[in-house]
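Visitor: Each chain is listed here by its residues.
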Amino acid sequence: MHAMTSLNAVELHAIQKSFAGIPVLKDVNFSLRKGEIHALMGGNGAGKSTLMKILTGVYRRDSGDLFVNGQRHEFLTPRDSEAAGIAMIFQELSLVPTLTVAQNIFLQREPRNGFFLNDKEAVRRARELLLDLGEDIDPETRVEDLSTGACQMVEIAKALSKNAQILVMDEPTSSLSEHETATLFRIVKKLKENGISIIYISHRMAEIFTICDRVTVFRDGKTVLTDECSNVSMEGLIEAMLGPGRESSMQWQERAINKNAPVILDVDKISRYGKYNDISFSIKAGEIVGLAGLMGSGRTEIAQAIFGIVPPDAGAIRLNGKAVRTTYEAMDAGIALVPESRRQQGLVLDHSVLENFMLPNLARFANGMFIQARNGASKVVDYIDRLKIKTDSPNKSVNLLSGGNQQKVVLSKWLVREPKLLILDEPTIGVDIGAKSEIIEIVRTLANQGAAILVISSEFEELLAMSDRILVLHNGSLKEQIDRKQITSEEVLHHAVQG
Amino acid sequence: MLSKVEAITPPLANKGTVMKWQANWRDYVVYLFFAVILVIFGFTIGDKGFLTVANLFNITRTTSMIAIMAIAMTLVIAAGELDLSIGSAAALSALVAALVIKSGYGIVAGALAGLISGLAVGALNGFFVTVLNIPSFLVTLGSMQLIRGLDMRLTYTKPVAIADETFNTIFGGGNIGPVPSLFIWSLVAAAAGHLVLRYSAFGRQVLATGGNPVAARYSGVPTHRIKLYCFLLSGVAGALAGLLYSGMMQTARYTFGTGGELAAIAAVILGGTSLFGGKATIIGTFIGALLIGTINNGLIIMGLDVSEQNMISGGLIILAVAFGRRPSR
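Heads up: the protein sequence lines correspond to chains A and B, in order. Position in the first sequence (first residue = 1) + 92 = the numbering used here. Position in the second sequence (first residue = 1) + 121 = the numbering used here.
Pulled out of the complex, with its shape left as it was, chain A reads as follows:
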């Protein structure tokens, strides 16, 4: 055992892990000093979450060494990891909403009086733990009545009650208000003073520079940078995440925009409490507009507002000058939404390609009272062909298709309506690169035919490949609108979004 390990709470050497022969972690080294806050960064698929699952005993590594406080561990189950003093702070998963705060903190470890549970003692101890954190949350409140921020405090208290010495926090501020974030930071610093070590996963660089001591960046399953936060700049981190001299697989093509084209979508000062505030923008016919922002910046909520799912508290949304307030009105006016979660919001998974295709268009395929599957079938074949959807037949259940083909089915059910405004929320998440460029091509074609497009994506490469103009959201406010021509590189957009 070398001298270094005794200083470190966690030490990971040359960790490798593959799934079905595909390497996800190729050669990862990571160390967490005692009492430090260590940021972990990397794009989607860089391997952060896989590594954390290895550390918490959810996955087993293929090779490499894992030390906790200088001791080599195997971690066959989450229990092993917990016993070594490691706890992960989830946002919702690990609390039972119908139980009280105290009951959650001590679930399965309840203080007892012989046969009976001693709830009074649990409440007393929970209150003590929470007050130590500086939080006056009533231990007898049910968790379902708490805000997200308070739930996180309960999670932290639960971890501390198990004597956790190492905490893993995954995007802890993504659904917190500014005020709650400040509280969380104060607590994180407090924990650090008490010798607890924290792995802090985040995309928000400003946060990382505020509270973290060191930062490690992953790219393509490898550690590419570990350094003191004071030694690195935002540019340095962005460069490390993106990698040097990348050949972009998706090139931006400048499109001719007709300056006199009519305005299709007009968003007029919409606000929703705690989500977004005073947002105004418009999109012209034939224009592709990107909406960029970090998780929790309000981008999905704005899409939902335009489609009438959760209307804004104030302000107006107009399509071709006509007000849109409900989903019915939105669809009627010609708005289509390809939602964020294709499996939950986009498709009825057990239904066939044909049934999913027909669902928003039943009136179109009906003859009087009865749905004419024949009408739908002839149309869907058309779209299967045009969008190159790989399926044996229109009657195949969509849960048997790949992610990319599922997404094309979602697109097809809206394209058949010939939408005037198409909103795409994370259209290529979990979609392979081939299908990705096809989807982008479909969107461009639609725009060329005169539709207005609004794209939301956390992949800047994709936003830059498609958009004519990009709106930057920050904490629910529209910070700026940038013409695509003025964005010379992905780094520029990263800067804008970090705020």
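Simulated from the structure, these hints should not be mistaken for lab results. Glycine included, C-beta positions come from ideal geometry on N, C-alpha and C. Just so you know, not all the hints are guaranteed correct.
Unchecked claim - Partial selection, computed: residues in chain A whose CB lies under 8 Å from chain B:
no.	residue
1	S186
2	L187
3	V188
4	P189
5	T190
6	L191
7	Q195
8	L199
9	Q200
10	E202
11	F207
12	L209
13	C321
Unchecked claim - Keeping only pairs whose Cα atoms sit at most 20 Å apart, straight-line, the calculated SDA-like set for lysine to any residue is:
no.	chain 1	residue 1	chain 2	residue 2
14	A	K212	B	T276
15	A	K571	A	D358
16	A	K212	B	F323
For this one, chain A is given, so just place chain B on it according to the hints.
Guide: Positioned in the frame of chain A, the structure of chain B alone reads:
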């Protein structure tokens, strides 16, 4: 450990209790309803015998079996499941006990055999739900019919008389002082159920399992085993109800407990337990069962016929549940 720092939220001491009451009054709607019904019946039919001690004890006697089934059902529902077979299990237990007693094995063996038949029904349900992961609604919908068929087949639908005085006194017929033994049985069941649900580790595990099974598993709760125990308990409670039915009637019939599962579920939901699991109250259930019994009793005294009784008690159940519904956020 950590030093105390300034709190962000103001202390909740006094304000908290007020707010809690405002937020939760709907959880107690069953008590309010029960009180209102008692007052209404007291004024309208008080002089027709509703308010006599004998009638009030009569209500507790007739609701005892439903109450006992509903108490077990509370645990099953709290764990996020449902048991529709509990009424069929009651008749099975009654018949098994009666046949064993008739064959001369004595009342202890008879009662035990009845309870074991309930345990078997619970094991059957629990196996399909927890090992094969079939939704309990479907499993127990099937076993409800299967066991009812078995009840009919057992004696070719003939009733079996129970001649043993001791059995009939213990289970059903007797009184302790002025108090019917049936009421005592249901009170004991309610007290035991309340203690288990509120103050035992098992009860807490049941609530966690129904509240969020994933979180419960991540906290080390053996959710499948907990559900299995709930079904076993439900089977035994159904069997006990069956013994009480047969003791009261001095006979076992295959029809015992028909519709009892639905009355029990109604009592549970009226009492304030969430149909989706995780939130439950045994005392509420007990009052819910008494409420249903009281409504039925009052309507009979009013001289309404069965069709009218059904319409009114059904309507009142919907009304009470609508009042108890939490406004969606």
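Visitor: Each hint: holds or not?
Guide: Results of checking the hints against the structure:
1. S186: holds (5 Å)
2. L187: Result: holds, 6 Å to nearest chain B Cβ.
3. V188: Cβ of V188/A sits 4 Å from chain B, so the hint holds.
4. P189: Cβ of P189/A sits 6 Å from chain B, so the hint holds.
5. T190: At 3 Å from the nearest chain B Cβ, T190/A passes the 8 Å test, so the hint holds.
6. L191: Cβ of L191/A sits 6 Å from chain B, so the hint holds.
7. Q195: holds (7 Å)
8. L199: holds (4 Å)
9. Q200: Interface hint status for Q200/A: holds (5 Å vs cutoff 8 Å).
10. E202: holds (6 Å)
11. F207: With a minimum Cβ separation of about 7 Å from chain B (threshold 8 Å), the hint on F207/A holds.
12. L209: At about 5 Å, which falls below the 8 Å cut-off, the nearest Cβ of chain B leaves the hint on L209/A intact, so it holds.
13. C321: violated (24 Å)
14. K212/A / T276/B: violated (53 Å)
15. K571/A / D358/A: Roughly 18 Å between the alpha carbons, so the hint for K571/A and D358/A holds.
16. K212/A / F323/B: Between K212/A and F323/B the Cα gap is close to 18 Å, so the pair holds against 20 Å.
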